[in-house]
Amino acid sequence: MRVTIYSTTTCPYCKMLKDYLISKNVSFTEKLVDQDDLVRNEMATESGGFLGVPFTVVTKDDNTKETIIGFDKGKIDSII
6 MRVTIYSTTT CPYCKMLKDY LISKNVSFTE KLVDQDDLVR NEMATESGGF
56 LGVPFTVVTK DDNTKETIIG FDKGKIDSII
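Residue numbers (our numbering): 6 to 85.
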């Protein structure tokens, strides 16, 4: 399982999400959309045009993807 978080440097919900995943021992890759136009475009493609953060993509071992908009503990727990 791979977890990718699209975030910004100033987003408090992004920090809460990252802290929550760390507390669950879930490793993740963070991509900062406010510092890289290519990453912002990648997020727009993954999300179908949604540009709010945090936006999380969980790629499962069978390469299926689940997406999570915002800091949604319930959805995070059901996926991981």
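Read the hints as simulated data drawn from the structure, not as lab findings. Don't take every hint at face value.
Label-pair ranges, simulated between beta-carbon atoms [unchecked claim]:
hint, residue 1, residue 2, range
1, GLY75, GLU47, 15 to 25 Å
2, THR15, ASP67, 34 to 44 Å
3, GLY79, LEU43, 29 to 39 Å
Note that the structure is predicted; figures quoted are calculated from it, not measured. Glycine included, each C-beta is placed from N, C-alpha and C at the ideal position.
Results for each hint:
| no. | hint | result |
| --- | --- | --- |
| 1 | GLY75 <-> GLU47: 15 to 25 Å | holds (19 Å) |
| 2 | THR15 <-> ASP67: 34 to 44 Å | holds (35 Å) |
| 3 | GLY79 <-> LEU43: 29 to 39 Å | holds (31 Å) |
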